[in-house]
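Enquirer: Numbering of the sequence shown is given in my numbering, commencing with residue 1 and proceeding in unit increments.
Simulated from the structure, these hints should not be mistaken for lab results. Here the structure is a predicted model, which is why all the values come from computation and not from measurement. Careful: at least some of the hints might be erroneous.
To be verified - Distance ranges between label pairs, derived from CB positions:
id, residue 1, residue 2, range
1, Glu93, Ala225, 25 to 31 Å
2, His230, Val323, 21 to 27 Å
3, Arg136, Arg242, 42 to 48 Å
What the hints assert, rightly or not - Each computed DMTMM-like pair below joins lysine to aspartate or glutamate, with the alpha-carbon atoms no more than 20 Å apart:
id, residue 1, residue 2
4, Lys124, Glu93
5, Lys157, Glu186
6, Lys60, Glu45
7, Lys338, Glu276
8, Lys157, Glu117
9, Lys124, Glu31
10, Lys238, Glu101
11, Lys326, Glu32
12, Lys238, Glu32
Glycine included, each C-beta is placed from N, C-alpha and C at the ideal position.
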Amino acid sequence: MFKRLPQFYEEPDVGYRVYRLHFNENLFLPEEYYRLILGDIESWEARFYTQPNNTSLAAKIEGHMGLPEGSVVITAGADDGLRIAVQLLHYAEERRLVVLEPTYSMPRILADQLGVEYVQLPYKPDLGLDVDEVVRRARGGAVYVCSPNNPTGHVVKELAELASRLDGLLIYDAAYAEFAGMWRPELYEYGNVVEARTFSKAWGLAGLRVGYLVARRELASALKALAYPHPISSYSAKAVERALEHENYVRRSVEEMREVRGRVASRLPLDKYVGEGNFITLKLDDAEEIAEALYRRGFAVRALGGRPLCRSCLRFTVAPMDVMEKFLAALGETIGIKLI
């Protein structure tokens, strides 16, 4: 029936009885935050469809973030936003997606699923990028950049230069931006930039599946034409609106995470990427085996490999210090190093 099926994004199903250090969820937000925002919805909100394109929530985000009217497109998580942005290449000069590696693997999957040429370019050893080469290879297509990048955590300094020089689209994945102190979208001001944001990471609402794209109005309208008319539920929309009113909790949790991240990094005498995300990536031989051993000890982490600058890596989410103490003990036992 099918000549070839596209790739799919395979995720580990680890359940909820282990320490979840594999998805970079925000583990620092208190229960009080969730009690404030996860209230009940009324019967009519469940009975009827949401507003087309969740326009009220889009307007709330625009107002909260100081964005122009019509610049926000609501999506079912950031991955749905990335899908829309990559799909837009079917209407571009070239169906080509240049991706800076190592990075999040979803763009590669989306390119395959949507019939878009995938071009991999590596970061330099110092994690810089060759803007001339990126622009040359994109040639009217698109470039995907994640910043802070997953799994290296570094902030890509050349983004503005890249946006100003590209003759195509820049898809900027800002999933971890808040952890780097970048609370408000800015790069959208370039007319060729689609900035993907999410409430799954710093905002601690991964289970609600809410993301949004930010772009100049004309580009946002093109993205909206490819979006689903009712991307998220009434419950999710209401919870996110309430979360915007309690940003202080999120900011406080980010500061706590950054403090713990520094303490944990200082106790790891290993080759590693620390950066500005809520995770640390270790460069270890046999990362797959180590991840399996840690899972048996009750810790789900992410093994990554086969990529530029990340031949064999193990990434873990930074959690509160009491969890990190247990994790460091388990990691030390697994690799045979005492992590004091």
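Enquirer: Given the hint that Lys60 pairs with Glu45, test it: the Cα-Cα distance must not exceed 20 Å.
Expert: Holds - the C-alpha atoms of Glu45 and Lys60 are around 18 Å apart, at most 20 Å.
Enquirer: Does the Cβ-Cβ separation between His230 and Val323 fall within 21 to 27 Å?
Expert: violated (37 Å)
Enquirer: Taking only the CA atoms, is the gap from Lys326 to Glu32 under or equal to 20 Å?
Expert: With Cα atoms ~25 Å apart, Lys326 and Glu32 exceed 20 Å; violated.
Enquirer: Holds or violated: are the alpha carbons of Lys238 and Glu101 at most 20 Å from each other?
Expert: Violated, at roughly 36 Å.
Enquirer: Please work out if Lys157 and Glu117 have their alpha carbons no farther apart than 20 Å.
Expert: violated (26 Å)
Enquirer: Holds or violated: 42 to 48 Å for the Cβ distance of Arg136 and Arg242?
Expert: holds (46 Å)
Enquirer: Are the Cα atoms of Lys124 and Glu93 separated by 20 Å or less?
Expert: Status violated; Cα separation ~28 Å.
Enquirer: Okay, Glu93 versus Ala225 on CB: inside 25 to 31 Å?
Expert: 18 Å Cβ-Cβ, so the 25 to 31 Å window is violated.
Enquirer: CA of Lys238 to CA of Glu32, is that 20 Å or under?
Expert: holds (17 Å)
Enquirer: Could you grab the alpha-carbon distance between Lys338 and Glu276 and see if it respects the 20 Å cut-off?
Expert: Given pair Lys338, Glu276 is violated - Cα atoms ~26 Å apart, limit 20 Å.
Enquirer: Is the straight-line distance between the alpha-carbon of Lys124 and that of Glu31 20 Å or less?
Expert: violated (42 Å)
Enquirer: Check the hint pairing Lys157 with Glu186 against an upper bound of 20 Å on the C-alpha distance.
Expert: holds (14 Å)
In summary, the numbered hints that this structure violates are 1, 2, 4, 7, 8, 9, 10 and 11.
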